[in-house]
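Going down the list, the sequences are from chains A and B.
Residue numbers 0 to 417, in numbering that gives the first Met the number 0, belong to the letters of the first sequence in order.
Residue numbers 0 to 164, in numbering that gives the first Met the number 0, belong to the letters of the second sequence in order.
Just so you know, these hints were derived from the structure itself, not from any lab.
Do not take every clue at face value.
[As the list claims (entries may be wrong)] Using 20 Å as the maximum straight-line C-alpha spacing, the simulated PhoX-like pairs for lysine-lysine come out as follows:
| # | chain 1 | residue 1 | chain 2 | residue 2 |
| --- | --- | --- | --- | --- |
| 1 | B | Lys132 | A | Lys46 |
| 2 | A | Lys149 | B | Lys162 |
| 3 | B | Lys161 | A | Lys51 |
| 4 | A | Lys46 | A | Lys153 |
| 5 | B | Lys112 | A | Lys46 |
| 6 | B | Lys160 | A | Lys51 |
| 7 | A | Lys46 | A | Lys7 |
| 8 | A | Lys75 | A | Lys86 |
| 9 | B | Lys155 | A | Lys46 |
| 10 | A | Lys46 | A | Lys107 |
| 11 | A | Lys107 | A | Lys51 |
| 12 | B | Lys161 | A | Lys46 |
| 13 | A | Lys149 | B | Lys161 |
| 14 | A | Lys42 | A | Lys107 |
| 15 | A | Lys250 | A | Lys7 |
| 16 | A | Lys75 | A | Lys57 |
| 17 | A | Lys383 | A | Lys284 |
| 18 | A | Lys51 | B | Lys162 |
| 19 | A | Lys42 | B | Lys46 |
| 20 | B | Lys84 | A | Lys149 |
In this text the structure is predicted, and so the values were computed from the model without any measurement.
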Amino acid sequence: MGKTFAEKILASKAGLSEVQAGQIVTVEPDIIMSHDNSAAISKTFAKIEVEKVWNPDKIVIVLDHVVPAANETHAKNHQTIREFVAKQSIKHFHDIGIGVCHEVLPEKGHVVPGTLILGSDSHTTTYGAFGAFAAGIGRSETAAIWATGKLWLKVPHTFKIVISGTFPARVGAKDLILHIIGTLGADGADYRAVEYTGPTVSAMSIDDRIVMSNMALEMGAKAGIVEVDEKTAAWLAPRGVKDYQIIRADKDARYERVLEFTVDQLEPQLACPHRVDNVVPVDKKAGITLNQILLGTCTNGRLSDLRTAADILKGRTIARGVRMLVLPASMEVYLEALNSGVLATLIRAGAVVCNPGCGPCLGAHQGALAPGEVCLSTSNRNFKGRMGCRDAEIYLASPATAAASALTGRITDPREID
Amino acid sequence: MTIEGRAFVYGDNVNTDVIIPARYLTSPDPARLAEHCLEGLDPEFLKEREKGDIVVGGKNFGCGSSREHAPVALKAAGVACVVAKSFARIFYRNAINIGLPIVECAEAADGIKRGERVRIDLTEGEITNVTTKQSWGFAPLPQFAQEILAAGGLMKYAVAKKKGS
């Protein structure tokens with residue numbers, strides 16, 4: 000019987016000839032990622048009473064959640080992290096101004112196909128877009144990995160999701176993943192690995208594959224995998240990632256479920272408050288008045304996302320009464336958007352461009368909502384209170400829907416805009 | 000290990016943003032986190048909570064952010080155990096790692112109402128609704144996870160192991 004991607008890679012990382020779904024293995028990650036929560040993790044690490052981390056070159060720390068520091072508490076957190084990084088000789092430290100961890104890790108060459116990446120952030124699944132096994136874990140166990148290099152993982156069962164067809168105009172990966180999450184439910188892939196495959200996935204850009212893997216977590220998945228191909232290789236090579244082992248699922252692998260989706264008739268999708276699986280076509284909610292639009296985050300803050308919005312907003316201005324925030328996912332994206340004129344288009348249209356970071360997505364800093372306000376966001380989560388106010392509402396949608404809705408000030412199907 | 004307490008019952012997909020919103024995450028003090036635990040979902044919980052309470056959820060309890068503050072806040076608020084139909088995987092790991100017992104049992108989650116008294120035997124794998132006298136079995140956690148819980152969490156377990164070796 001053939002093996003899934005998860006079974007193959009976890010066997011390899013556990014040093015076993017083969018493993019089966021359900022088995023618990025002890026593994027050593029190739030990369031362990033953490034962000035602003037590294038301050039708390041370093042305090043937990045201190046309690047283990049190990050002087051030095053097990054391998055400073057496998058630790059990547061990115062400051063992105065509250066950058067620049069919003070107040071003294073956050074500033075002290077960042078200070079603790081900088082001191083820890085210096086003391087432990089951690090060279091892969093990306094201070095404020097580099098970008099959001101889930102964009103920075105691939106950009107900086109930390110994401111290598113066929114490796115195991117763990118991160119103390121739920122959207123660590125993002126790196127599956129490059130054929131790595133990447134899963135989110137907790138804070139204490141991140142400290143334990145810093146100390147020992149080891150963690151237990153259960154080998155997950157796998158869902159294979161086969162996607163075919165061509166996207167209609169102004170419909171894309173974000174609409175597809177919202178549709179899949181709406182179909183499977185927020186717990187539909189709990190504990191499972193998901194392998195995305197089929198001609199539509201092969202045709203997708205790396206930016207779009209990242210959206211699929213990033214949001215796998217929102218249906219509970221442990222990992223969201225896209226097989227490595229020539230597009231992956233072409234994207235990684237300029238970032239110094241050239242030498243790696245490609246792991247592919249066997250053709251006769253045993254999947255718990257095989258699901259098929261076609262995108263030819265897919266409409267723009269919207270996740271309604273307060274659940275990511277509360278998904279309807281955009282036109283079912285068209286006309287709802289919006290106070291804020293957020294374009295950016297680890298889900299949809301890449302150059303292609305900003306360009307999609309700029310194409311819709313070029314030469315126009317957003318509606319009076321709506322605020323539009325743009326957060327490029329990284330400084331590299333920011334610079335490309337600046338040099339290509341995309342940011343100028345967005346600013347002329349009335350958008351506020353913030354520095355790369357997580358900012359408003361988690362409601363800890365920047366662009367918080369007031370009671371009764373409604374936001375349409377390209378981020379990945381719309382839980383009650385997520386953007387800083389429990390009496391506000393958040394809708395999730397694609398960059399095209401965000402731009403179209405910014406123009407009208409109301410939830411708008413992007414296909415209705417010229 | 001046996002736990003007995005009064006039940007607070009919620010539905011599916013209780014997420015970590017309602018268990019403890021991100022704006023309170025800067026506090027390292029569990030008691031401060033406890034003051035805001037579940038405030039977005041059930042403000043009454045904060046008024047009524049007592050040490051030893053049992054939270055009962057539906058499917059996918061603890062979905063969302065990887066924040067460990069979520070089980071920490073529940074534990075500090077006095078919650079002795081969470082029973083749910085299923086858990087989101089990072090919450091499941093975090094709960095064990097910080098020493099908050101969790102039980103996956105769909106039948107029990109359906110058979111318990113708010114305010115009823117519940118007894119849970121973690122070692123034997125049995126939940127009893129003391130009020131209605133119904134009982135349900137569940138698969139106990141793996142041995143190593145039970146050891147981590149008994150030690151009071153992963154850090155205490157690791158330190159104890161290091162001293163023992």
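We went through each hint and held it up to the structure:
no.: 1; hint: B/Lys132 to A/Lys46; in the structure: 44 Å, violated
no.: 2; hint: A/Lys149 to B/Lys162; in the structure: 19 Å, holds
no.: 3; hint: B/Lys161 to A/Lys51; in the structure: 16 Å, holds
no.: 4; hint: A/Lys46 to A/Lys153; in the structure: 26 Å, violated
no.: 5; hint: B/Lys112 to A/Lys46; in the structure: 40 Å, violated
no.: 6; hint: B/Lys160 to A/Lys51; in the structure: 19 Å, holds
no.: 7; hint: A/Lys46 to A/Lys7; in the structure: 35 Å, violated
no.: 8; hint: A/Lys75 to A/Lys86; in the structure: 16 Å, holds
no.: 9; hint: B/Lys155 to A/Lys46; in the structure: 9 Å, holds
no.: 10; hint: A/Lys46 to A/Lys107; in the structure: 31 Å, violated
no.: 11; hint: A/Lys107 to A/Lys51; in the structure: 25 Å, violated
no.: 12; hint: B/Lys161 to A/Lys46; in the structure: 12 Å, holds
no.: 13; hint: A/Lys149 to B/Lys161; in the structure: 15 Å, holds
no.: 14; hint: A/Lys42 to A/Lys107; in the structure: 27 Å, violated
no.: 15; hint: A/Lys250 to A/Lys7; in the structure: 13 Å, holds
no.: 16; hint: A/Lys75 to A/Lys57; in the structure: 25 Å, violated
no.: 17; hint: A/Lys383 to A/Lys284; in the structure: 19 Å, holds
no.: 18; hint: A/Lys51 to B/Lys162; in the structure: 18 Å, holds
no.: 19; hint: A/Lys42 to B/Lys46; in the structure: 32 Å, violated
no.: 20; hint: B/Lys84 to A/Lys149; in the structure: 30 Å, violated
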